[in-house]
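Participant: The whole structure should be built from the sequences, with the hints applied where relevant.
Listed below are the residues making up each chain.
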Amino acid sequence: MSLQIFSLMRHELLLIAVLLLILVAEIFWDPARKKNIRIFAVILFGIITLLGFLPVPEGSLFGEMYIVTPVRLMMKNILNIGVLIVLLQSITWLGKEKNSDKISEYFILLLSTLTGMSYMISSGHFLMLYLGLELATIPLAALAAFDRYSNNSAEAGIKLILSSALSSGILLYGLSMIYGTVGNLYFTEVAGLFTGSNLALLGFIFFFTGMAFKISIVPFHLWTADVYEGAPVNVTSYLSVISKGAALFIFIIVLFSVFPAISVVWQKMIYVLSILTMTIGNLFAIRQQNLKRFLAFSSISQAGYILLGVIGGNELGMASVVYYLLVYIFSNLGAFGVAIAISNASGKENIDDYNGLYKTNPGLSLIMMLALFSLAGIPPVAGFFGKFFLFTAAAEQGFFILVLIAILNTIISLYYYLLVIKAMFINKSENPIPPLKSDFPTRLALTLCVGGIVIVGFASIIFEYIRNMSFGV
Amino acid sequence: MTTDFGYALLIPLIPLLMFLLLGLAGNQLKARLSGLLGTIGLGVVFVLSYYTAYKYFFATEKIAGAFSKITAFDMVWLRFSDSLHINMGILLDPISVMMLVVISTVSFMVHIYSLGYMKGEVGFERFYAFLSLFSFSMLGLVLANNIFQMYIFWELVGVSSFLLIGFYYQRPTAVLASKKAFIVTRFADLGFLIGILLLSFNTGTFDFSILCDPQGAAIATGSGAAFLGLSVMTWSLIFVFMGGAGKSAMFPLHIWLPDAMEGPTPVSALIHAATMVVAGVYLVARLFPVYIISAPDALVVVAYIGAFSSIFAAVIACTQTDIKRVLAYSTMSQIGLMMVGLGVSGYGGHEGLGYMASMFHLFTHAMFKALLFLGAGAIIHAVHSNHMTEMGGLRKYLPITHITFLIACLTIAGIPPFSAFFSKDEILVAAWHHDKLIFAVEYIVAGLTAFYMFRLYFNIFWGKETHYHHTPHEAPAVMTIPLIFLAFLSVFSGFIPFSKLVTTDGIPFEGHIDWSLALPSVFIGLVGIIIAMVMYKKETSLPDKVAATFKHGYKWAFNKFYMDEVYMFVTKKIIFAYISTPVAWFDRHIVDGSMNGISRLTNAFSFRIREFQSGQLQKYGFVFISGVLLLTFLMVYLWN
Amino acid sequence: MEMNQIIFILFAAIIVVFSILTVTSRRILRAAVSLLFVLVSTAGLYFMLNFAFLAAVQLALYAGGIVVLIIFSILLTSHISQKMEAVDLKKSVFSALAVILGMILTITTILQFSFQATTAAAAEINMEVIGKAMLSYEVDGFVLPFELISVLLLAAMVAAIIIAKKGSPVSDAPNPDKP
Amino acid sequence: MNILSLLVLIPLLTIAGILFLKDTQKTRLVSAIGMGIQLIVAAVLVFMYLSERKAGNTDEMLFVRSYEWFKSLNIYYTVGVDGISVAMIALTSIVVIAGIFASWQVENLTREFFISLILLSSGVFGFFISLDLFTMFLFYEVAVIPMYLLIGIWGSGPKEYSAMKLTLMLMGGSALLLVGILGIYFNSAPGGGELSFNILEISKIQIPIEAQRFFFPLTFVGFGVLGALFPFHTWSPDGHASAPTAVSMLHAGVLMKLGGYGAFRVAMFLMPEAADEMAWIFIILTSVSVVYGAFGAIVQKDLKYINAYSSVSHCGLVLFAILMMNKTAMTGAILQMISHGLMTALFFALIGMIYGRTHTRLIHEMGGLMKVIPFLGVVYVIAGLASLGLPGLSGFVAEMTIFFGAFEHTDPFHRIATLVAVSSIVITAVYILRVVGTLLLGPIKNDHFNHLEDATWFERISTITLVVAVAAIGVAPYWLSTMIGDSMLPIVNKLLTANPF
Amino acid sequence: MNNGIPLQYFLILASIMFFVGIYGFLTRRNLIGILMSVELILNSVNINFLAFNRYLYPDRLEGLFFSLFIIAVAAAEAAVAIAIIINIYRRFSTVNVEHVNEMRF
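Each protein sequence line maps, in turn, to chains A, B, C, D and E.
Residues in the first sequence are numbered from 1 upward in steps of one, following our numbering.
Residues in the second sequence are numbered from 1 upward in steps of one, following our numbering.
Residues in the third sequence are numbered from 1 upward in steps of one, following our numbering.
Residues in the fourth sequence are numbered from 1 upward in steps of one, following our numbering.
Residues in the fifth sequence are numbered from 1 upward in steps of one, following our numbering.
Read the hints as simulated data drawn from the structure, not as lab findings.
Being a predicted model, the structure only gives us computed values, none of them experimental.
All C-beta atoms in this analysis are idealised placements derived from N, C-alpha and C, irrespective of residue type, glycine included.
Some hints could be false.
As the list claims (entries may be wrong) - Computed spacing ranges between beta-carbons, pair by pair: (1) Phe458(D) - Phe458(A): 30 to 38 Å; (2) Phe94(C) - Leu50(A): 52 to 60 Å; (3) Leu50(A) - Arg60(E): 48 to 56 Å.
Unchecked claim - Calculated lysine-lysine pairs in the BS3-like style (CA-CA distance at most 25 Å, straight line): (4) Lys494(D) - Lys204(D); (5) Lys34(A) - Lys165(C); (6) Lys30(B) - Lys371(D); (7) Lys90(C) - Lys619(B); (8) Lys572(B) - Lys560(B); (9) Lys464(B) - Lys537(B); (10) Lys165(C) - Lys96(A); (11) Lys396(B) - Lys537(B).
Facilitator: Structure, rendered in structure tokens:
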């Protein structure tokens, strides 16, 4: 294996290496000091994240099965940042006694899904895409069912794995039809040979819905809320941000680079689906009491907004999606970070429990507020810029009505985000959550999120950087 | 030329300064001192005004035999467009100079008088501040050199009137009266404003010197377009007159005037008798060339409204018992007469007799009506009541008041040689030549006027002997001196040769008394007086009998022809109950309701669709599959 | 009718019938056995298509591995003779409707498409070719997926272990779930 | 450092300063000092602007600075002012300082209160100096959002409901607005070339009429919601009623002006052809709004509701004037914004102060307050007189300018609409006098009121600042009107090319 | 060996199997039954891939390999799914999917 291969594939290879290292550590480490694996793993992953940013030439490996372009690299790096935050946020939770016997398993599962995602993003062949997708899903089901003694967790696990099995079955059926009409499944060749015949379209749509399932686009989203609610909070935050983000990344890459010939078709589909997605997501989010479930629906509607960037179909669309994902990672993880901190300390996960939070925990409340504002797209935090670019991308294609519907939807979403803010700042509570002191990793994670939320928007260089490496249909 | 009269700027400014001084620092000063300051300020104005009058009429060269129009001061205040800009200026011409004299005289007298009348009242300095504000506004009004400036001061006059009527702000009736006065005149001012809008856009200017130039372009351009049969110019001038009618309490906008008597009596004398209420007359006079040339139809309206108001008010005045209200209706009646004078006037030379007479009457009326009010004030001051039923035989207690009051009554009754004889007579002459019907009405009014004034006079000073709680005593000197001064003016101002001073075109003409018309009017006045004497000099049952004879008529007149009820109906019922309440309801329930409805709908919809999220894995699968198939069907077979 | 057609129809019939039995049988163990039949006949089809290697894999991994796993878990979670309750009528009707419509949609679409018969020579399929392709990192090489699947299997193993592993419940925080 | 950017920076620095303080007294002081400096800067700006103009600088915008931001989308941070923005900035700084003094007594979460308040004001300043649609929109939302917390936390009555309603409706407006802005952006280079967010550059080209027809109503209504355009005004009564004093002041005084300002600077200026075509719809709506608001105010019982409806009426007049599309009327619109801003801020300040003493805002529960709190009473009367358009106070100048401008249209439609609008001056008088009569005059209704104390020093500062401004404009409107009118010329010229009536 | 059998036969067979699997997924009450339905679905896809490979693109082995990997993934998936199902059985004492609905709405 030459150095060039290594440097091109360094994300995945390093991940596998770390994965094995953790396995080895699990086997040979003194059981009394197993808790240190957490720190060990996070530090190793931090190094991977940093290494990911090293400049690298473009290229492809394994006969175009594995493709590296700057934007794909950027996507992986964005995911890495998110995972780093997730891992930091998990440390406290993993330190609890009930999890003491499965610390390294958590890391192995989580990093293996990340490996899958990275491969998926770099895939140049539908087989790679499929395998990456499965690798990103199957261990996740286990993670969702991670809490062996919780009914909800088990339910989440089974719902995730079975519905994802169904969806991947449909996706595969679609792929088989594409294979039948095109003759092979290399991205470059499919792009060249794909025709608009009915069967090919059918294959494409089946494939599309399989991806839509991962991104939780309505009506393929129904698993999302239950799984998010049931899974442990840390896993939920991972699911809602990283897993969804990875699927979106490859989705947009496939649409832009493999199926540009039928862009009219998928633009129409996305048009309808994005309206459905944001509206339904919002309508469900309004009534939620459980914060995780609430964020699940909010993340569904977020996916709807992101589709506006996808529908743009051009450079700007891709840049806006990638950029928004970056923003979304910081914002959503910020919100989840607060939820995790509170859940760890008090076990409370309902919005009502947050009543009067500002009085006792002003810092956490402020972070939550920033994160929610960012999710709602309120300036001057990053979410505003992200949404603005998404809408700009859609508007550039003349989808002004769609943009209008989307913005009107943001008002509904603002409504329920404000409900949380209201709970924290305005409502009074008899027994508010007592002041809590979070440990260093949690603080570090939250600081990263806040930094991201505040800086990513104003620092135009980030957007310009992403924009320069994006490509369109 | 302007430099000569540069000082004229001081005339309105001094009261303004006084207002600011007393208004801002009044509560720091001693009450007495603020009163004196205000009075001294007005004294200066008084002197300056008389000096100006002298200088203008006698020391300034005439141009082509006419009094020149002098712009003593001019600056742009606000610019709308190149031609339309509001200026602040001072225009001196015969009528404005005449008004200066009227206002400064009456105002000065009232200032002096109030030193006694208002002594010891709470808010003494406030009273003087408001008086100064009023004087400033009124002077600004008459000196205005453009119609918009006039409007500005018009509003200011209105608000100072509002403040002064509501001077006793803790008395609910006063508050109501002030509100009513303001709103009714405000409504009239709306007409004025619309009139100004129409007028200025038709003529392209606000400036009186351009607007009122008979040969000027403004008048010529404006008479073109027509609307509902009348030219736009006519409409605009009718609207302008609406403003004047409001301020001058012409029917049907007169309803505020009797209630305005809730204010302190000196205020009634100053504002609601002598100065502000004649602003409407002044307005029409100011725009007279425009009226007569561009819109003679509007002038007909002026004449008829004036005539109707004068007889309407005169009839009511015969039945009222509150002495200030009698005077108020009398004021309305007299102003109607002035309006008639303008309405029946022609333009130029002797044709403009009505105009001259109207101004003349304005002048004399100011003097004797102020005198009447101040006299009434002295009476009220002595008796602590407004009602003539509670008075009688006061001639013994209040000798000076009695004499001056009698002089005023004779004057208003048009008995020679008192001043009003001359002015009223000339109006009748003009009316005779112009419109016989109006002449007839005014002839009757002259009789009625004499009757109700002497009804008042006899009821107060003669009539039954009334027992008073405190023995009434004559007012102090500060109050009687103004009475005497005004009585003096009432008697002698009739000899001022108005036709040499104030005419339509500024060119003097020879006026003379037309005895064939004057004698009958004196006669009817005397008849009125005699009837009043018979009925009221001694306490008899005669008045009740007469009242019983004209039962319905009396009742209607006594209730002021139910105009207040109409007003209440319009405000309480129509505006409050039928417009505002429904609007407010509509806003809360329909407009806002639809906004809330959207959110309620969203919530309800969100509740409805919750079944989709049933928790059943297989239902999720079903939705998934249906979605896939539907999408496939749509995209492959329908939209492809 | 030629022999291979008869064989195909036989296999197809078995597949269809036992597929339906798999999803309708009320005894879960019988369903598992039906599944086994389906998988075995599918392997037969693979043979017909000349994919002997895959047929072998099918038999070994699917029929041998997965079905055994399934039967094992059935034994763990149900009584052998346990009959499931009958399927809710509404549910089955709607599902059947959707499925039939889907079938019609798919099959008509398939039939509309005219497949171009190939002219390319068939590649020889033997273990060597497969093995080389599996380890090739050129075009049409599958070493990378191979590596990926190994990670997947490792992860699946870990996953299965931590979930199925028994341990005593530890509770250090109030359990937010319902009991 | 550009003086304009300073206007955004000072509030932010003040916020930073407050963050380091724990003491509430110091918080107030720092806020007051910060906003005082802001006022001085604004005054300096006015001075600089006038002297620059006097020196013969005839550029459309002065002190223009542009910094590249998102290059690929041509988003710049561009600032610049003309007479209109200078006037609005002056207005804002006056109202803000008055607001700071009016909220001297906020006890609960003082720091947070001042931070939100100043953040809001920085948004407003930013909005007025922006020449780039993107930054303009950004500042617009920055100004709107703190509102939620300000009303929700420090408000009274059904504050949560009101805050939510206000926020959502305003965001609804900004939703339309955002689409409008994007539409303008993508049509800013019809002949090919670089797209632009810069208002000045866009104004040089003509946006295709089809696009205008679609985006003009969106933009106009979007801003109109904030400008209380009927029927999207219903956030205003509830919002104002629940908001704490300073917030009502800032909101009615300044924030609602963003609507009018934006409507003409963006909607009318950039899309004059469509504006000309569609003006009639909005003229009907606004002239209805003028009368409707006034009638609505007549029967209200709560002081704040009265004022809120009155604001609907007055702000309706602003939009009405803007739609008249001539120099006089539009100058009048700006004057009306300033005038209404000042006097409504004054009103709300007074209502807050009265409420703080009587603990009721229902007028029929009060009466005769003039006797016990003469200072506040007199100022209230002055505010009322300004509101009903008394000459010598600012309202008159603005209204007359509007009416004369509107009357320049000679066709019956405009004339009738104008007459409808003009008639509001009577209705205004009715409700103002009703309030003054019931609230201040007459006998004292409640014995408790006999012991009320008159205004404290900070309340006096707050109100006197505003009264002086109201009176100054009313007495000497010439310079202000000229400054605005001159800046209006380029805009009107652009409009005239579209509508040579 | 496959002459005389049109490609479409295979595809139709696979479609039937696919949709029968889906029917099973939608109606089976037993979680394991659902898992078996999924296996049917995957199996049908395999038939598609192989049939295409043989009939249309016999020069390359993509279909073959795709099927191979699908089988491997199916095995992994089944393993994890069964582990979770067993856990479900422990927690809920049932493997009836309709009873596994604690979280909804």
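Participant: Now tell me, hint by hint, if it's right for this structure.
Facilitator: Against the structure, the hints:
1. Phe458(D) - Phe458(A): 30 to 38 Å: 36 Å, holds
2. Phe94(C) - Leu50(A): 52 to 60 Å: Between Phe94(C) and Leu50(A), where Cβ atoms are some 53 Å apart, the hint holds.
3. Leu50(A) - Arg60(E): 48 to 56 Å: 41 Å, violated
4. Lys494(D) - Lys204(D): Measuring from Cα to Cα gives roughly 9 Å; hence the hint holds.
5. Lys34(A) - Lys165(C): 18 Å, holds
6. Lys30(B) - Lys371(D): Holds: Lys30(B) and Lys371(D) sit about 19 Å apart, inside 25 Å.
7. Lys90(C) - Lys619(B): 12 Å, holds
8. Lys572(B) - Lys560(B): This hinted pair holds, its Cα atoms lying about 19 Å apart.
9. Lys464(B) - Lys537(B): At roughly 8 Å apart (the allowed maximum being 25 Å), Lys537(B) and Lys464(B) satisfy the hint.
10. Lys165(C) - Lys96(A): 18 Å, holds
11. Lys396(B) - Lys537(B): 15 Å, holds
Of the numbered hints given earlier, the model fails hint 3 alone.
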